[in-house]
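First to last, the protein sequences are chains A and B.
Per our numbering, the first sequence starts with residue 1, numbered consecutively.
Per our numbering, the second sequence starts with residue 1, numbered consecutively.
Since the hints were derived computationally from the structure, they do not count as laboratory data.
Some hints could be false.
Stated by the list, open to error - Below, a list of computed lysine-lysine pairs in the BS3-like style, where the Cα atoms sit at most 30 Å apart:
#: 1; chain 1: B; residue 1: Lys191; chain 2: A; residue 2: Lys78
#: 2; chain 1: A; residue 1: Lys440; chain 2: B; residue 2: Lys191
#: 3; chain 1: A; residue 1: Lys419; chain 2: A; residue 2: Lys254
#: 4; chain 1: B; residue 1: Lys191; chain 2: A; residue 2: Lys32
#: 5; chain 1: A; residue 1: Lys419; chain 2: B; residue 2: Lys191
#: 6; chain 1: B; residue 1: Lys79; chain 2: A; residue 2: Lys86
#: 7; chain 1: A; residue 1: Lys32; chain 2: A; residue 2: Lys388
#: 8; chain 1: B; residue 1: Lys76; chain 2: A; residue 2: Lys86
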Amino acid sequence: MIRDWFKKSKIEDAHPSEEALLKHVDGELSSKEGAYVRSHLETCWSCRRSLEKIEETISTFVEFRQQIQIPLTQEPPKDWSDFDRKLNNLATLTPAVAGSWWSRSGERFGRFFQNFSHLSMSGRSETAIGAVAALLIAVLIWQLIVVKPISASELLNKSVQFQADQISELAEAVIYQKLRVRRNNLSEINWEVWRDAAHSRFRQSVTSGVNAAFDQELLNILQLNGFDPQQPLSPTTFMNWRKYLVQKNDLIEKARADDGGELIVLHTTNTLANAPGQISEATLKLRSNDFHPVEQVLQIKSADGIETYEFTELDYRVLSLTAFAPDFFSEPAQPQIASIAQPAIPKPEEANPNVLVANSNVAEKPVAAPFTPASADLEIEVFSLLNKAKADLGEQITVSREADGRLSVQGLVDTAKRKNEILDALTPVRNNPAVRIGIKTVGEAVAEQTSTPKPAGTAEIVESQSTVTAAESELLSYFKSEDAAHRFGGQMIGRSNRAMSRAYALKRLVGQFKSDELAKLSPDSRAKLLALIRSHASAIREECEGLQNELRPVFGSVNAGASETPDVEDVTSLPRAVDALVTLASTNDTVIRSAFTLSASGPGFTAIKTSQFWQSLKTAESLAVKLQTIR
Amino acid sequence: MVPRLTNRWFSQESEAGILSDGELLTSMTEANQLEQQITQLFETLRQPVYQYLMAVFGNAEEAEDLTQDAFLQLYKTVKGGQVIRNIRFWIFRVAHNLAVNHRKHNQFIAPLDANSWEIIENLLPDTKLNPEQNVLLREKYERLYRGLKRLSMQERQALFLRAEGFRYREIGEIMSVATPTVGEFLRRGIKKLSEQNGD
């Protein structure tokens with residue numbers, strides 16, 4: 001649009017478009033375009049007026065933001081209180097960086113050898129050479145003892161984490177990979193795959209060297225060994241294959257890529273491979289700077305010996321779904337490798353017959369049993385069980401679906417007693433392989449921190465500039481005693497808190513499911529979900545009613561009715577209604593807190609007396625009633 | 001005549017934040033200090049990130065959690081050895097995407113409740129203006145407030161990101177749209193605000 005205008009402006013003295021003026025204000029025009037606009041503005045009153053209007057609007061927006069929006073959103077609800085704990089937890093869970101020691105030690109060695117060759121060529125004395133040799137030994141000892149080598153699992157985990165982080169940087173990421181697959185250096189195909197991570201969709205295409213027999217054989221090999229054909233060259237796939245091996249040897253070494261870049265090469269040998277089609281050795285080459293896999297070689301047992309499949313990455317990108325046509329994933333590309341539909345969940349007994357061999361001499365964690373990914377019904381069951389232990393009300397318990405389809409219930413609780421209560425409540429699903437439960441006490445979490453302890457947190461002394469609340473005068477004139485006034489304030493904040501925590505529990509509950517999942521629930525799960533919703537909604541209604549009944553005598557009756565609220569016709573309309581209820585509860589909570597918490601400015605205006613607050617409170621109540629009666 | 005603004009809309013505090021990031025970035029490679037540095041960055045940048053999420057996504061508890069999640073993600077990424085050149089941009093992009101992913105239904109809830117102008121009005125600070133000027137100022141803000149409510153989600157995101165000092169290209173990357181589209185969102189946004197703003 002700007003370009004069109006600029007072309008036109010060269011022919012006739014056209015006025016810059018609004019967008020060009022805005023870009024001019026923002027310094028976003030090219031130097032030529034900017035020079036034209038500046039020169040035009042010098043002579044054109046009309047455009048100067050337009051420019052002034054844009055600047056006025058920006059100025060008002062900036063003022064509004066600083067005067068209203070920022071002060072209103074200054075303090076988050078939990079006042080950032082749990083960040084340090086989360087960071088500490090993460091610090092204990094995240095292994096130390098592997099790349100840095102490698103590159104640093106590499107640099108040290110490089111410098112060392114430079115010095116060594118310099119000394120040799122310059123013909124220094126034997127003493128100097130002896131000193132250098134001693135130093136070499138010292139460095140080697142340092143390398144072997146002080147520097148902790150990276151294990152295969154750590155390497156693969158790191159690679160998986162890097163890819164996950166990269167993918168999470170985009171809202172809806174599509175992973176594109178172009179591979180060259182070569183068999184025995186004789187035949188090859190170029191294979192492109194697109195994977196829509198957010199919606200589990202997949203598209204693939206063979207762009208050259210189409211060979212039906214080769215394709216089918218490749219697919220058979222991948223599936224037999226539990227390789228995900230949707231991600232044939234990925235750390236996740238390699239890791240999944242490796243973890244099912246009962247007896248294996250790993251070797252990690254450094255190498256140089258053709259372009260000179262540093263690679264880390266992992267060789268894993270399946271020492272019990274004996275059946276045709278099994279991988280006897282797999283090699284994964286990762287870039288050392290970002291652990292991205294660029295090449296993989298699979299050696300397959302065959303009747304005639306060993307066949308080699310070499311996967312080389314020709315291109316890899318993480319793209320935004322918005323860059324694709326809407327039907328991109330629904331229209332399969334031609335030609336393609338046949339019958340790749342869903343990612344195969346590795347089945348140990350089929351993928352690796354060796355799993356059944358009992359005398360394993362490799363210490364490995366037990367292999368997780370195959371499982372069906374957690375369903376929405378199972379999720380509701382878990383929420384329902386947590387609700388029985390009252391563990392769904394803002395306690396630090398999170399329920400989330402993991403990438404592998406398991407349902408993860410993680411939590412940090414204060415006491416062992418509370419932990420046992422929650423675990424007891426979860427008994428019906430504790431042995432379900434699709435549910436992973438990790439409830440810890442604070443003491444256990446602290447004990448698990450094996451890294452150097454952080455300095456103890458500094459105690460913060462909070463001094464309030466005032467000891468009175470905004471609603472102090474109304475409270476004192478009604479209660480005649482400061483104690484009673486403060487007690488009342490505390491009760492109101494308590495009610496509002498309870499309403500908020502119920503509203504957020506509702507939001508967490510409903511937010512777990514997509515609309516189509518809600519619509520497809522089994523009758524039993526649906527009944528459980530509705531019972532949970534009714535229980536939360538009923539508690540919110542009670543708190544809203546209580547607030548109105550108790551505030552009215554103190555602040556006087558305000559005439560206000562409820563506003564219109566979203567209809568709650570069926571479960572699919574829940575998310576909208578629950579979001580609206582959370583907003584209302586949050587607005588009410590802001591007003592109540594500003595009235596009954598100590599205020600730096602002392603007694604003064606409190607929005608409790610406005611009709612808007614009463615309207616908001618009644619609207620929340622009426623929405624809660626609607627949710628309470630959902631069928 | 002309104003004084004001419006610089007080509008950056010952000011305030012002095014934000015600018016100070018950017019400088020501070022740069023300084024921190026130079027020393028972010030030592031793993032043993034990483035937690036402290038992330039905590040420092042968190043303290044410097046959490047407020048603008050939180051306010052952005054509040055302005056466009058509107059839920060205080062979610063905004064707080066997602067802000068924290070973005071910084072935890074930063075920790076993991078830096079600890080994993082990745083170099084981040086523009087931390088402020090990176091954090092906003094990750095926080096934005098976390099919020100978009102989090103809100104499966106992508107529905108917009110006005111952070112400032114539809115009927116709450118009068119509540120907001122009463123929270124306005126006292127000014128030294130005379131009563132008439134005061135009324136005019138309040139009317140100006142109210143018109144802008146009503147204009148803001150007419151913005152689409154994307155126009156709103158683009159405006160608030162621009163107000164945080166991001167270039168059009170950066171806004172495009174954060175929102176996963178092309179740079180010219182950002183110009184169009186901002187033009188439409190400013191137009192909607194200015195239509196309500198005295199015309």
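Hint-by-hint comparison with the structure:
no. : hint                : verdict
1   : B/Lys191 - A/Lys78  : 37 Å, violated
2   : A/Lys440 - B/Lys191 : 54 Å, violated
3   : A/Lys419 - A/Lys254 : 46 Å, violated
4   : B/Lys191 - A/Lys32  : 25 Å, holds
5   : A/Lys419 - B/Lys191 : 56 Å, violated
6   : B/Lys79 - A/Lys86   : 15 Å, holds
7   : A/Lys32 - A/Lys388  : 69 Å, violated
8   : B/Lys76 - A/Lys86   : 12 Å, holds
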